[in-house]
Amino acid sequence: MIATTQYRPAGTLSASTALAPYQGQMNARLAAHLLRRAGFGGSPADVARVAAMSPGAAVDSLVHYPKDTGLSGRPDDLGDDYDGLQQKVTELQRMGSDPAELKDARAALGRSRRKTTASMQRWWLERMVRTPAPLQEKMTLFWHGHFTSSMVKGITPREMMNQNWLYRSNALGNVREIAAAITEDPAMLKFLDNARSFKEHPNENFARELMELFTLGIGNYTEQDVREAARALTGNTVRGAALGGGYTFALRRHDFGTKTVLGASGQLDGKDVVEIIFRQPAASRFIAAKLLNFFVYNDPEPELIEGVAALLRKYDFQTSPVMSQLLRSNVFFSDRAYRALVKSPVEFVVGAHQLYGLSEVTDESLAALGRMGQALFDPPSVKGWDGGAAWLNSQTVLARENFADYLVTAQTTAQADSWLVGSVPAGADAASTTLVGTILLGDASPASKAHLSSYLNGEGTSALGVLSVENYQERMRGAAYLTMAMPAYQLS
Amino acid sequence: MKRSRFLLGSVAGLTVAANTDSLFARALAAAPLPGLPGDDRVLVVINLQGGNDGLNTVVPHGMEQYYRYRPTLAVPRGDVLQIDRNVGLNPALRSLKGMFDAGKVAIVQGAGYPQPDHSHFRSTEIWQTAAPDRIERTGWLGRYLDSAGMPENNLFNAVALAQVMPEAFVARKVDVPAIGAFRGYGLSSDKQASTKAAFASLVRDERVPFDSPYLGRVAEIEDHAQRGSQELPSLIGGYKTTAAYPATGIGRSLALAAQMIGSRLGTRVIYVQHGSFDTHAAQRGTQDRLLQELSDGLKAFYDDLAEHGNDTRTLTMTFSEFGRRVAENASRGTDHGEASPMFVVGGGVRGGLFGAHPSLDELDNGDVVYTVDFRSVYATILEKWMGRPSREILAGEFSLVPLLA
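Each protein sequence line maps, in turn, to chains A and B. The first sequence begins at 1 in our numbering and counts up by one. The second sequence begins at 1001 in our numbering and counts up by one.
Just so you know, these hints were derived from the structure itself, not from any lab. Here the structure is a predicted model, which means the values were calculated and not measured. Each residue gets a CB set at the ideal place from its N, CA and C atoms; glycine is no exception. Please note: incorrect hints may appear among the correct ones.
Unchecked claim - Chain B regions said to be covered by chain A (calculated; three or more residues, Cβ under 8 Å):
no., stretch
1, 1120-1133
2, 1189-1197
3, 1207-1214
Said to hold, decoys possible - With a cut-off of at most 20 Å between alpha-carbon atoms, the simulated EDC-like pairs for lysine to aspartate or glutamate come out as follows:
no., chain 1, residue 1, chain 2, residue 2
4, B, Lys1384, B, Glu1397
5, A, Lys115, A, Glu364
6, A, Lys290, A, Glu301
7, A, Lys153, A, Asp104
8, B, Lys1196, A, Glu474
9, A, Lys103, B, Asp1288
10, A, Lys199, A, Asp269
11, A, Lys199, A, Asp272
12, A, Lys383, B, Glu1125
13, A, Lys153, B, Asp1288
14, B, Lys1384, B, Asp1311
15, A, Lys103, A, Asp77
16, B, Lys1196, A, Asp104
17, A, Lys115, A, Asp83
18, A, Lys103, A, Glu91
19, A, Lys314, A, Asp269
20, B, Lys1191, A, Glu459
21, A, Lys103, B, Glu1293
22, A, Lys314, A, Glu177
23, A, Lys383, B, Asp1303
24, A, Lys115, A, Glu177
25, B, Lys1097, B, Asp1303
26, B, Lys1196, B, Glu1206
27, A, Lys199, A, Glu223
28, B, Lys1097, B, Asp1079
29, B, Lys1191, A, Glu474
30, A, Lys153, A, Asp83
As the list claims (entries may be wrong) - From the derived model, a few chain B residues whose C-beta atoms are all more than 12 Å from chain A:
no., residue
31, Ala1074
32, Asn1153
33, Ile1236
34, Arg1313
35, Ser1376
In isolation and in its complexed conformation, chain A is listed as follows (with noise of 0.2 Å):
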């Protein structure tokens, strides 16, 4: 990889007016990039209708969603048979059994782990696909990454769903909310191991990332810091999947005794030490600059961050105003963060499905969403999704590519009635600039439109001939999948 001094977008930022409102006209490009950014990229009809809004009206009505979206509330298979697969090969491990014995159930348990998962990612990327409130998925994907856990360490699909379903609750809620209630879920506690957190030895894991990677970053902590905490935490825990699972706080486990964390001391519990780093000026600034990287541009001037942190704190950490205000401001509908951003792989297998009216997700497409290094509910880390240049290299652009091919060729075929093949075309270049302007806004060069039409019109090849009734359909999906190929398409 080439190492570049950063990803901010070039120009200087204006920052006493960045986060004003921006008063400038709406356009396709602008509706498009705000439905990108806000959502996943919507179908050519949700650009037309949000291109005809104020930019202000646009904001309010994906920051202002639906409560009841229609959509189910659960995948399908969220296995049912899981917690007895579980129970069985726990039962097998305690009775010290037959090693071919415990093979067969943990075989059993994978598999079952495999297809669950598959049905929650299948659930998930279709609901992002449909919703009528795009920004409550996208702010769910964005806490996903941020306050992560994936399917391990004994986590059941049941409490995988409900960690979902607290972020899509607090989709646009309170961040100190939010992080008070991670040190009760329960997928959160297995993750980092605070289930396994006694007050004899407590485990780290957790108050480490607690400080690390979900609220105040590397350098605003001591290393005491996380052993204090760690020690504030412990009883925090999860119930026998016997005793129905669930949250629980056990007694003897807590270490009651007294604490100091960032300079506060008492007999300090998970929930307090959450209060006490909320306190610190850098959680503020620290998830002003997520907020930033993931919906503006990487690599934010400090002066911005400040901006977005004062924000925060302004509303105590409430973020529907603090997102309204900066979806909706002059930095936002800049040039500097027009394309400014990697498209995520999630992004591009749910935009794609929406440009082509596809609301239906194959068996393929998760699969090539895995290659493209997003599998949902399975991040890398606990650090999440690292995005940016993070999501190009050869392997998962070659991935996004034949996932791209997928989808046309074989995907398309059965939509008669699609913009993309409902009508035959007047010409190549006509054909060629439905295809950029629907694709890419526009945002391709004159030479490349050029080549799409000799393209189209089989130049180089020795079949058929120019653009006609007979080849057109063909002809319009690999246009399109190269399209998709082009660099703009790559970026949000």
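We have chain A already, so just place chain B on it with the hints.
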């Protein structure tokens, strides 16, 4: 970069150009690389990701305190594959112990760095950039590749067999491909000549009506991905082996590494990812399994390399971002610690133990104190194996560890 610009202007000649590249890569195999002493030597770096517990890898069975600190996790003395009266290997490392006994494995004990950081991410960054005391954007292997004058038009100067590009490869000039798995490394649309040619020119669309800090990167990576995936299968397709690799992730990665080394693509560095060793709970099962996968994988790898006469030109080094706390926690696991051992295998390595095993009497707040700066191991490999001065790459002078002649 220059080559890519040439391609941009010659779409019709693409097939020929791609073949020229393959021929070029083959030509590299025949002649020693210009300006690279040590001709065709390869370094394989294996990352034991997540923080490998050093004390249960190279077990200090002669230290009583080890058994006191680890009432449930300690490897019983009778199970240790003894090296001497003091230390031995975890029994999961049986294959590696065989290689050690044959003099093909150097063990560097207590590798670490001053003022260790307990964060996975910062400590990984420190090992990858070799810069504990500053924020450094380039990786140590990236700086090596830049300084070694690697041929710009070889797409396989170095390869990461990983899903995510390791920071160690971040360079100013040389772009390294990441290949997570060989299966799926290719473009389905390349089957059609017209799409293949159009793709090659359209992905390099840089005169777009917007600016983006990622534009150049996107265009370059798409171009490299297409060309690399077109060439690699034919470049390595003729390679055969009888070595029996375990059916594990690291087994598959090392099999591909041997295939690339044996096909002589001019590849100098291969990076392999293995883990996760982040064993906060129920450590024994997880760590033992991962160590066995490493050990059996390395055995098959060197059998394969030896079968083709490549074992003496391939050096393998393992590293982990940190070891783990000396005392076990209440979850039968261990938390983030400090120093841990490194294995250096194959090539012209002098087998044996290097560096002192960290003391368990004098701990730094519950952690072992490093006895060898990991940059000394990097410096040794750069100077003695890769034939490059290490001072500039590592921003300092580090004493060499006598594990390479």
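To see whether the hints hold, each was checked on the structure:
| no. | hint | in the structure |
| --- | --- | --- |
| 1 | 1120-1133 | holds (count 3) |
| 2 | 1189-1197 | holds (count 6) |
| 3 | 1207-1214 | holds (count 8) |
| 4 | B:Lys1384 to B:Glu1397 | holds, 14 Å |
| 5 | A:Lys115 to A:Glu364 | holds, 14 Å |
| 6 | A:Lys290 to A:Glu301 | holds, 12 Å |
| 7 | A:Lys153 to A:Asp104 | holds, 19 Å |
| 8 | B:Lys1196 to A:Glu474 | holds, 15 Å |
| 9 | A:Lys103 to B:Asp1288 | holds, 16 Å |
| 10 | A:Lys199 to A:Asp269 | holds, 12 Å |
| 11 | A:Lys199 to A:Asp272 | holds, 17 Å |
| 12 | A:Lys383 to B:Glu1125 | holds, 14 Å |
| 13 | A:Lys153 to B:Asp1288 | holds, 17 Å |
| 14 | B:Lys1384 to B:Asp1311 | holds, 17 Å |
| 15 | A:Lys103 to A:Asp77 | violated, 24 Å |
| 16 | B:Lys1196 to A:Asp104 | violated, 47 Å |
| 17 | A:Lys115 to A:Asp83 | holds, 14 Å |
| 18 | A:Lys103 to A:Glu91 | holds, 13 Å |
| 19 | A:Lys314 to A:Asp269 | violated, 26 Å |
| 20 | B:Lys1191 to A:Glu459 | holds, 17 Å |
| 21 | A:Lys103 to B:Glu1293 | holds, 18 Å |
| 22 | A:Lys314 to A:Glu177 | holds, 16 Å |
| 23 | A:Lys383 to B:Asp1303 | violated, 37 Å |
| 24 | A:Lys115 to A:Glu177 | violated, 33 Å |
| 25 | B:Lys1097 to B:Asp1303 | holds, 15 Å |
| 26 | B:Lys1196 to B:Glu1206 | holds, 19 Å |
| 27 | A:Lys199 to A:Glu223 | holds, 18 Å |
| 28 | B:Lys1097 to B:Asp1079 | holds, 13 Å |
| 29 | B:Lys1191 to A:Glu474 | holds, 15 Å |
| 30 | A:Lys153 to A:Asp83 | holds, 14 Å |
| 31 | Ala1074 | holds, 15 Å |
| 32 | Asn1153 | holds, 15 Å |
| 33 | Ile1236 | holds, 15 Å |
| 34 | Arg1313 | holds, 25 Å |
| 35 | Ser1376 | holds, 25 Å |
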